[in-house]
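K.L.:
Letter by letter, the chains look like this.
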Amino acid sequence: MSLRITLATAARVLRQLRRDHRTLALVLLVPPLLMTLFKYVFYGQEATFDRVGPPLVGIFPFVTMFLVTSIAMLRERTTGTLERLMSMPLAKLDLLLGYGLAFAAIAVVQAALTATIAFGFLGLDAAGPVWLIVVFAVGNAVLGMALGLFLSAFAQTEFQAVQFMPAFVIPQILLAGLLVPREKMARALELVSDVLPMTYAYDALARAAADDLGRRLALDAAVIAGFIVLALVLGATTLRRRTA
Amino acid sequence: MLNFEPSIRIRDLRVRRGGRLVLPGISLDVRPGVVTGLLGPSGSGKTTLIRSIVGVQIVESGEVTVLGAPAGSAELRHVVGYVTQAPSVYGDLTVRENLHYFARVLDADTASVDEAIRTVALGGHADQVVGTLSGGELSRVSLATALLGEPQLLVLDEPTVGLDPLLRRDLWNTFHELAAAGTTLLVSTHVMDEAERTDDLVLLRDGRIVATGSPDQLRDRTHADDLEDAFLALAEAS
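In order, the protein sequence lines correspond to chains A and B.
Counted from 1, the first sequence has number 22 at position 23 by numbering that gives the first Met the number 0; the numbering is strictly sequential.
Counted from 1, the second sequence has number 164 at position 165 by numbering that gives the first Met the number 0; the numbering is strictly sequential.
Careful, some of the hints might be misleading.
Derived contacts from chain B toward chain A, CB cut-off under 8 Å, selection only [unchecked claim]:
hint	residue
1	Leu27
2	Gly54
3	Gly71
4	Ala85
5	Glu96
6	Val104
7	Asp108
These are computed hints drawn from the structure, not numbers from a lab.
Ideal Cβ positions, reconstructed from N, Cα and C, are used throughout, including at glycine.
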């Protein structure tokens with residue numbers, strides 16, 4: 000592992016994104032716009048907006064980073080740049096952490112922008128500290144990125160990769176407790192949701208928003224970190240120096 | 000590295016790709032400091048052999064030693080430059096940004112980026128986004144990447160396809176300059192006039208080595224006037 004290569008990789012990924020103005024605009028502007036949409040969908044129902052809003056600040060980065068990363072890594076595989084890098088003195092972790100740093104940086108901007116619009120202009124209210132919601136939003140982005148890196152190994156085309164979003168992300172959002180509290184779901188689904196990363200991501204955001212800064216929140220943070228490490232390790236095993 | 004030791008030493012290499020036995024067991028020595036050409040028709044196993052030498056190919060059995068170490072060893076990743084047949088660079092970065100990134104990975108300095116750009120004659124396009132370049136320019140960017148960091152061995156899979164004849168001549172001159180400076184080059188091609196410019200030639204057909212030797216030796220051995228006839232005679236005899 001080398002800090003030089005990790006940082007060079009992060010800078011390279013950011014440079015690629017910066018050149019793609021449209022993607023960058025979509026990544027940064029769609030979450031605030033969707034937040035605005037939510038505000039007026041729940042028109043006059045301030046309590047509902049205040050319950051759903053803060054977790055959404057953190058769920059948007061998860062979704063965008065999952066998608067952007069799985070496509071970016073798939074491109075590395077299909078254009079041969081991954082094979083070139085694997086024949087160079089680059090550790091697999093250099094590549095994964097490089098991506099992680101780059102997307103975490105984007106996520107900071109994305110989450111900060113979304114939070115500013117939501118709390119500053121849309122009248123969203125949270126009892127807990129907004130900065131903590133933003134911190135968990137960035138953690139969520141890194142989680143989405145790590146899962147995207149891993150799952151991209153199972154897609155051969157970009158068509159397949161984008162389908163992983165409804166296949167893996169939407170069920171997690173449905174089961175996380177955002178729409179219906181988990182204990183009110185069928186018992187089997189509640190048990191399934193116990194092992195899904197988004198459940199802990201949502202719980203952390205909801206607790207941070209409710210100013211419930213206790214041991215459960217610390218546990219959530221630890222589980223999220225664990226999932227990130229697990230996904231990165233699994234992702235590393237899908238990067239092969241030798242292929243058939 | 001002693002001069003009389005081969006840069007690449009292959010013994011009984013068997014490789015299966017997609018269920019097909021592409022290399023049924025070949026042995027080969029590649030001399031250091033010369034340009035060795037790997038000549039063979041499409042599908043003869045050139046790319047598979049090259050991938051095995053670079054160490055990105057899963058091999059069934061056999062031994063591939065590169066600069067004294069098993070192919071694909073970590074210590075070789077600094078000293079072996081590899082160009083795949085399809086250009087493998089980032090289409091959304093400029094020429095310079097691509098080279099700069101790979102130079103950082105190899106711990107090569109900025110001067111080597113400029114030098115690589117000059118060598119492949121892309122100075123006028125250095126700040127152009129790679130995705131907007133022509134096919135020939137694109138493969139030159141890929142080639143420039145392999146020149147970074149003064150590799151001891153350069154493995155190039157059909158690096159001159161689609162290039163202007165003048166540029167092709169210049170690149171082959173560059174290959175010989177690099178060889179004169181001590182770099183070993185293995186260059187695959189299916190073009191006879193390029194094969195003519197190599198020091199050593201390896202003729203590959205259906206995954207088997209049909210003949211090895213300098214272009215002159217191969218012509219003498221077959222009493223042929225040109226390499227094409229020599230190749231035909233050797234292929235028919237095998």
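K.L.:
Against chain A, with CB atoms and a cut of 8 Å, does the hint on Glu96/B hold up?
P.N.:
6 Å, holds
K.L.:
Would the hint on Gly71/B stand, with a C-beta cut-off of 8 Å toward chain A?
P.N.:
6 Å, holds
K.L.:
Under 8 Å is the threshold here; is the Cβ of Gly54/B close enough to any Cβ of chain A for the hint to stand?
P.N.:
It holds, given that the least Cβ distance between Gly54/B and chain A is near 7 Å, below 8 Å.
K.L.:
Does the nearest C-beta of chain A fall within a distance shorter than 8 Å of the C-beta of Val104/B?
P.N.:
This interface hint holds because 5 Å falls under the 8 Å limit.
K.L.:
Hint Ala85/B vs chain A: min CB-CB distance below 8 Å?
P.N.:
Since chain A brings a Cβ to about 6 Å from Ala85/B, closer than 8 Å, the hint holds.
K.L.:
Under 8 Å, Cβ to Cβ, is where Asp108/B needs to be relative to chain A, so tell me if that hint holds or is violated.
P.N.:
At about 12 Å, which exceeds the 8 Å cut-off, the nearest Cβ of chain A leaves the hint on Asp108/B violated.
K.L.:
Per the CB criterion, is Leu27/B less than 8 Å away from chain A?
P.N.:
Since the shortest Cβ distance to chain A is 20 Å, the answer is violated.
In terms of the numbered hints stated before, the structure departs from hints 1, 7, listed from lowest to highest.
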